[in-house]
Each structure stands twice: as structure tokens, then as C-alpha cells.
Amino acid sequence: MHDTQALFDYTLGLADDSLVLGQRISEWCSHAPFLEEDVALANVALDYIGRARMFFGYAAELDGAGRDEDALAYLRDCRQYRNLLILELPRGDFAFSTARQFLVDAFQLPFLEALCASRDPQLAAIAGKAVKESRYHYRRSRDWILRLGDGTAESHRRLQSALEEIWGYTHEMFRAGAAEQGLVEAGIAPDRIALRSRWDALVTPVLEEATLTRPPDTWSVDGGRDGIHTEHLGHLLAELQFLQRSYPGLQW
Amino acid sequence: MVSFPIPNPEKMGSDPIYSRIPLVEAELAADRASQSDPALAWLWSLLEQVRDPEIPVLSVRELGVLRALESTASGLRVMITPTWSGCPAMHTIEQDIRAVLEAAGVAPVTVSMRLAPAWTTDWITPGARESLRRYGVAPPAMTSPDAGAADPAPACPQCGSTATRCISEFGSTACKSLWQCRDCSEPFDAFKRL
Ligand SMILES: [Zn+2]
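Line order of the protein sequences matches chains A and B. Residue 185 in the numbering used here sits at position 185 of the first sequence; the count goes up by one each step and never skips. Residue 10 in the numbering used here sits at position 10 of the second sequence; the count goes up by one each step and never skips.
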């Protein structure tokens with residue numbers, strides 16, 4: 001059995017994941033290598049912010065403290081954010097953002113497919129919408145991996161070093177705490193550990209085709225789900241939350 | 001009036017006919033019943049005024065966003081469904097629906113957002129596909145059972161040529177991709193199938 005608190009925490013974690021990544025991608029607006037890519041990144045950022053709104057909206061319904069989606073997004077501090085660390089890392093250069101996006105898209109696809117079968121109808125409904133968009137995301141980021149990895153010596157070097165820098169953060173995508181494990185047993189949450197082979201199948205052949213070397217699994221970092229973040233999240237939230245912090249209750 | 005039977009899930013397991021005939025989901029069957037209900041016809045035609053803010057040649061009904069109307073004891077309930085998750089037009093659409101109904105004296109009105117079944121471009125009506133083409137946007141292909149497959153190359157909405165190339169799968173809005181015609185050289189937006 002599960003309790004509402006566990007379902008709330010789980011939904012909030014998914015909302016934080018989507019918002020933090022959406023915010024990171026949106027930082028590329030007007031900085032992308034060319035116009036079409038600028039538009040593409042803005043589109044992907046909007047998809048993530050859209051799904052963040054759906055998850056936050058549902059979390060607000062479950063919240064015992066009666067907060068709405070804006071309060072959940074704008075009025076929690078770093079230690080209360082539950083996103084995975086890989087999503088909060090600074091955008092870096094285009095190779096770094098591309099590497100992250102590819103590794104995350106390759107996770108989102110099987111994760112959302114599995115979440116479509118959740119016994120929780122609202123989570124299943126959100127996943128049913130989001131998974132269709134993630135198919136477009138994955139195709140785009142896979143194409144970029146091939147283009148940069150098998151591109152010039154410079155693009156190959158940058159992408160390879162981005163993969164090495166980020167690899168240790170990928171493992172957190174496949175970990176679940178005790179509360180989430182309870183939801184797995186209740187048929188509500190997908191089993192993250194079981195998703196690893198699907199992820200591998202979406203990642204490894206593409207890296208090979210792109211003449212890149214899959215980094216070894218020699219280190220890993222986690223803590224995001226417990227609110228233990230890198231120093232970067234605070235800066236992200238400062239920008240994201242500035243208006244609501246300075247002008248509480250402000251509306252557009 | 002055409003009526004659509006609502007499938008009984010309990011019967012589906014035992015009755016062999018259901019393994020051969022593709023079923024309409026219960027929600028969609030109810031949507032169609034609402035769309036063809038004579039008592040609601042005037043409201044449906046009234047709401048034809050509500051257009052997609054970004055593609056004004058389409059009404060939100062033709063786009064498949066306006067799903068159902070339900071006249072209840074506590075007023076009119078309007079069911080809409082979002083297109084892409086991040087589509088910023090949804091808020092405007094909701095406001096426009098309220099404004100049109102209010103101007104016609106329909107009150108009270110509740111607008112509900114339904115997520116499942118998820119919106120698909122297959123719901124865009126044949127007439128709307130033709131409007132899109134005339135507007136210069138290639139209409140979406142029908143969805144494929146192979147969900148991961150790339151969209152097929154659309155015909156150029158200007159000259160009809162099928163020699164077109166994809167410039168970006170992400171166009172001016174989330175729902176469109178950007179293409180170029182190899183024959184007349186025109187760049188154009190194509191509606192992505194979803
Ligand atoms: Zn042409």
C-alpha cells in the first residue's frame with residue numbers, strides 16, 4: 001500500500017525534474033548556434049515546462065499543506081527541491097547540453113512509456129501526453145550526438161569530454177528511495193532499475209555510431225531526491241524565483 | 001443523428017468480436033455523441049468563432065481541442081484538451097471560449113481540461129487539413145503504429161511537389177516542423193503528427 005505523502009513526494013520530484021531541466025534548456029534562448037536550433041531548444045524547453053505544470057498541478061491537488069502550483073514552484077528553497085542532479089548542472093557549451101539532453105531523453109522515453117501503465121490515472125494521463133513529445137526530443141538529440149561525435153575533431157573532442165564530465169550523474173536516474181519503491185510495488189511508479197537495459201539500448205549503439213567512447217562506470221553522485229544539491233541549483237532558483245520572492249503574489 | 005456505442009470493458013474480455021474490431025475509447029464515443037447532439041448544435045456553431053490563436057484558419061473544434069459540451073443543471077460544461085504540453089495558446093483558447101459564450105448570454109460556464117485520451121493530430125478534421133494547406137502549412141500525416149518513426153516528407157503546400165527536405169523538426173511553434181521545397185525553394189511549416 002502507499003500513502004498520499006509518498007505519492008505527493010513522487011509527483012513533486014517529477015515536477016522538479018521537468019521544471020529544472022526546462023529552465024536550463026530555456027537559457028539557450030538567443031544563444032544557440034543558429035536560428036533553427038534556437039527555436040528547437042525553446043520548443044523543447046516549453047515541453048518540459050508544460051509537463052512541469054501538469055505534475056505541479058497534480059502535486060498541488062495532493063498537497064496536505066494546500067499549496068498551489070505556483071507556491072510549489074516558486075516558494076521552495078534548494079533543500080526542498082527534489083530534482084535529479086544531472087538536470088541542474090549548468091548548461092555548459094553546446095556539446096555539454098547536447099550530451100545531457102541525449103542521456104536524459106533516452107531515459108525519459110522508456111520511463112514515460114512505463115508510467116503510461118501507472119495505476120494512478122493522473123500520472124498515466126500526463127505520461128501519455130509527454131511520451132509522444134519525448135520521441136521527438138530523443139530523435140533530435142540522437143541526431144546531434146551523431147553530428148557532433150562524427151563531426152570535426154573539435155566537436156568530437158568537446159562531446160567526448162562532456163560525456164565524461166556528466167556520466168557519473170546518470171546513475172541517479174536509476175535509483176529509487178524506499179518511498180518510491182513502495183509506489184513501484186503498488187504499480188504506481190515504474191521500476192527505475194529495470195529501465196537501465198532499455199536506456200543502454202538507446203544510448204550505447206548511438207555513441208558507437210558517433211565514434212564516441214562510452215565512459216566507464218567508475219564514479220557516481222546522487223542526493224537530489226533528498227534535497228542535497230550541487231552549488232548550481234541555488235543560482236538557477238535565484239533567477240527562476242526572483243519575481244515571486246521580490247514581489248510576493250505578483251501576477252502577469 | 002448517428003449514435004456510437006460505448007464499449008463495455010467487462011464484456012470485452014469474453015466476446016471474441018472485440019479482438020477483431022478496433023474500438024472507440026469510451027471518452028471519444030461520448031465526445032462524438034456530444035458533437036452530434038441536436039440540442040447542442042447551436043452552441044457548437046457558436047463556438048466555431050473560437051480559432052487557434054496561432055493558426056486562425058482553424059477553429060478549436062476542427063483542431064480537436066474542443067472535445068465536448070455538456071449541458072448540466074449547474075450550467076454548461078466545456079471540455080478541452082491540450083495539444084503539446086507547453087503550448088502557450090491553451091490559456092488564450094480557454095479565455096476565448098468564455099468570452100464567446102458570455103457574449104451570447106450562456107452562463108454559468110465551466111471549462112475543464114482533460115489530459116486523457118491524449119490529443120492526437122489524427123483528430124484534425126479533413127476540412128481543417130485542407131484549410132491548413134491553403135494557409136501554407138502542410139497538414140500532418142496520420143500517426144503510425146511505429147511511434148518512433150520520423151515523420152514522412154510532406155508535400156509542398158505551395159506547388160504540391162513531394163521533393164521536400166526537413167530543416168528542423170522544431171518549427172515556429174512546438175506543433176510544427178520546418179521544411180523546404182526542392183522544386184520551388186519555398187520554406188514552409190508542416191504540422192507534426194502527434
Ligand atoms: Zn514547392
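Quick caveat, the hints were computed from the structure, so don't treat them as lab data. Be aware that one or more of the hints could be misleading.
Facing chain A, a subset of chain B residues (Cβ under 10 Å, in silico) [said to hold, decoys possible]: (1) ALA41; (2) LEU43; (3) LEU115; (4) PRO117; (5) TRP119; (6) GLY160; (7) THR162; (8) ALA163; (9) ARG165; (10) ILE167; (11) GLU169; (12) GLY171.
Some chain A residues flagged as far from chain B (calculated, every beta-carbon gap over 12 Å) [said to hold, decoys possible]: (13) GLU164; (14) PHE174; (15) ALA186; (16) GLY187; (17) ARG192; (18) ILE228.
We treat Cβ as the ideally placed atom computed from N, Cα and C, and that holds for glycine.
We went through each hint and held it up to the structure:
{"no.": "1", "hint": "ALA41", "verdict": "violated, 30 Å"}
{"no.": "2", "hint": "LEU43", "verdict": "violated, 26 Å"}
{"no.": "3", "hint": "LEU115", "verdict": "holds, 4 Å"}
{"no.": "4", "hint": "PRO117", "verdict": "holds, 7 Å"}
{"no.": "5", "hint": "TRP119", "verdict": "holds, 7 Å"}
{"no.": "6", "hint": "GLY160", "verdict": "violated, 24 Å"}
{"no.": "7", "hint": "THR162", "verdict": "violated, 21 Å"}
{"no.": "8", "hint": "ALA163", "verdict": "violated, 20 Å"}
{"no.": "9", "hint": "ARG165", "verdict": "violated, 13 Å"}
{"no.": "10", "hint": "ILE167", "verdict": "holds, 6 Å"}
{"no.": "11", "hint": "GLU169", "verdict": "holds, 6 Å"}
{"no.": "12", "hint": "GLY171", "verdict": "holds, 7 Å"}
{"no.": "13", "hint": "GLU164", "verdict": "holds, 28 Å"}
{"no.": "14", "hint": "PHE174", "verdict": "holds, 22 Å"}
{"no.": "15", "hint": "ALA186", "verdict": "holds, 20 Å"}
{"no.": "16", "hint": "GLY187", "verdict": "holds, 17 Å"}
{"no.": "17", "hint": "ARG192", "verdict": "holds, 21 Å"}
{"no.": "18", "hint": "ILE228", "verdict": "holds, 29 Å"}
In summary, the numbered hints that this structure violates are 1, 2, 6, 7, 8, 9.
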